[in-house]
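The listed protein sequences correspond, in order, to chains R and U. Going left to right, the first sequence walks through residues 18 to 192 as our numbering numbers them. Going left to right, the second sequence walks through residues 18 to 192 as our numbering numbers them.
These aren't lab readings, by the way, just hints derived from the structure by calculation. In this text, all values refer to a predicted model and were calculated from it rather than measured experimentally. A couple of the hints might just be wrong.
[To be verified] Computed footprint of chain R on chain U, listed as stretches where at least three residues anywhere in the stretch have a Cβ under 8 Å from a Cβ of chain R:
{"hint": "1", "segment": "69-82"}
{"hint": "2", "segment": "130-141"}
[As the list claims (entries may be wrong)] In silico lysine-lysine, BS3-like type, Cα no more than 30 Å apart, as pairs:
{"hint": "3", "chain 1": "R", "residue 1": "Lys122", "chain 2": "U", "residue 2": "Lys92"}
{"hint": "4", "chain 1": "R", "residue 1": "Lys92", "chain 2": "U", "residue 2": "Lys92"}
{"hint": "5", "chain 1": "U", "residue 1": "Lys163", "chain 2": "R", "residue 2": "Lys92"}
{"hint": "6", "chain 1": "R", "residue 1": "Lys147", "chain 2": "R", "residue 2": "Lys92"}
{"hint": "7", "chain 1": "R", "residue 1": "Lys147", "chain 2": "R", "residue 2": "Lys122"}
{"hint": "8", "chain 1": "R", "residue 1": "Lys92", "chain 2": "U", "residue 2": "Lys181"}
{"hint": "9", "chain 1": "R", "residue 1": "Lys98", "chain 2": "U", "residue 2": "Lys122"}
{"hint": "10", "chain 1": "R", "residue 1": "Lys122", "chain 2": "R", "residue 2": "Lys58"}
{"hint": "11", "chain 1": "R", "residue 1": "Lys163", "chain 2": "U", "residue 2": "Lys163"}
{"hint": "12", "chain 1": "R", "residue 1": "Lys122", "chain 2": "U", "residue 2": "Lys98"}
{"hint": "13", "chain 1": "R", "residue 1": "Lys181", "chain 2": "U", "residue 2": "Lys122"}
Where a beta carbon is used, it is the ideal one built from N, C-alpha and C, also for glycine.
Protein chains: 2
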Amino acid sequence: MKRIAFLLVAVAMGTSVVAYMAPAPASGQADGQGAPPFVTKIPPGYRNWRVISVAHEEGDLNSLGAILGNDIAIKAYREGKLPFPDGAIIAALHWRYVPSEENNKVFGRSQSFVPGPPTNVQFMVKDSTKYAATGGWGFGHFMDGKPADAAFMKPCFPCHEQAKASDLVFTRYSP
Amino acid sequence: MKRIAFLLVAVAMGTSVVAYMAPAPASGQADGQGAPPFVTKIPPGYRNWRVISVAHEEGDLNSLGAILGNDIAIKAYREGKLPFPDGAIIAALHWRYVPSEENNKVFGRSQSFVPGPPTNVQFMVKDSTKYAATGGWGFGHFMDGKPADAAFMKPCFPCHEQAKASDLVFTRYSP
Chain R
18 MKRIAFLLVA
28 VAMGTSVVAY
38 MAPAPASGQA
48 DGQGAPPFVT
58 KIPPGYRNWR
68 VISVAHEEGD
78 LNSLGAILGN
88 DIAIKAYREG
98 KLPFPDGAII
108 AALHWRYVPS
118 EENNKVFGRS
128 QSFVPGPPTN
138 VQFMVKDSTK
148 YAATGGWGFG
158 HFMDGKPADA
168 AFMKPCFPCH
178 EQAKASDLVF
188 TRYSP
Chain U
18 MKRIAFLLVA
28 VAMGTSVVAY
38 MAPAPASGQA
48 DGQGAPPFVT
58 KIPPGYRNWR
68 VISVAHEEGD
78 LNSLGAILGN
88 DIAIKAYREG
98 KLPFPDGAII
108 AALHWRYVPS
118 EENNKVFGRS
128 QSFVPGPPTN
138 VQFMVKDSTK
148 YAATGGWGFG
158 HFMDGKPADA
168 AFMKPCFPCH
178 EQAKASDLVF
188 TRYSP
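Could you put together the complete structure from these sequences and hints?
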């Protein structure tokens, strides 16, 4: 049961363009012991940041997302600057993916999907000193304003490590 | 053939959360004669505006979109203020809806969709004097920076008129 719960968590993690599903760790490694520091405070003002891109995840995740960046992150994206400089923060806002009855009525067919209730907000915070153990990035995941625990956060880094060529970031800038 | 072309145009219009498909007008009314003024210049700086919401349209449209607002629009949305005040501008950025091979490889299954090339950018500009004939809103549609012509723009208002309860705007604010 514990393992199933962890897998569900791993799948929930995967919902994000920021944090993708990683293989479940070996039994006993999901307890947060010796875990690197995670982002436990929501960066202020993130809802006012500029758009990097948008995304849709199907399956269990079933989300629509907006990926935003603070000024440092946006500047780095627009200049194609890698690795991202310290201070860069990327936010992924996820909402449930739901059909819009109102829009479909106007269309005359079912084709319109919009955000439902928020599901989570995720962050990647670049600080090459503080987060040295995880490629210079701190990872954060918040539901209803509350941070996920260390066990939940454990798959973030090994998964993002697969995006080494783009400094551990999956999302591309959409013009 | 002319009618088919118009219908295709109407479908293309429908791609947007801002501008939805309207019934084709009676024959001979799509020539732009006597058309109300449309938005023919792209509002400067719109790519830096804040996020109102995101959207996905299936079907022929096959788009992922970000709906952004200038300061006046964002303030009105957040305060739940209707009708929108003069000066409010809503932008809908649309990209082709494409699977992310890179993300799916990490997921181990096909579930991730991201923006492909840009398809169009649409605007609704509130000016109750200039656009009095179309509910106080000017409509704009741009492909590669070029505005659509009057015939193309004709279905915008009759379609948006169906959203009278929300001042002709379909998009809701996503927190």
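Taking the hints in turn, this is what the structure says about them:
1. 69-82: holds (count 10)
2. 130-141: Answer holds; 4 residues pass the 8 Å Cβ test.
3. R/Lys122 x U/Lys92: Measuring from Cα to Cα gives roughly 28 Å; hence the hint holds.
4. R/Lys92 x U/Lys92: holds (25 Å)
5. U/Lys163 x R/Lys92: holds (26 Å)
6. R/Lys147 x R/Lys92: Holds, at about 22 Å.
7. R/Lys147 x R/Lys122: Violated. R/Lys147 to R/Lys122 sits at ~51 Å, over the 30 Å cutoff.
8. R/Lys92 x U/Lys181: At roughly 39 Å apart (the allowed maximum being 30 Å), U/Lys181 and R/Lys92 break the hint.
9. R/Lys98 x U/Lys122: holds (25 Å)
10. R/Lys122 x R/Lys58: violated (41 Å)
11. R/Lys163 x U/Lys163: violated (45 Å)
12. R/Lys122 x U/Lys98: holds (25 Å)
13. R/Lys181 x U/Lys122: holds (14 Å)
In this structure, the earlier hints numbered 7, 8, 10, 11 are contradicted, and the remaining ones agree with it.
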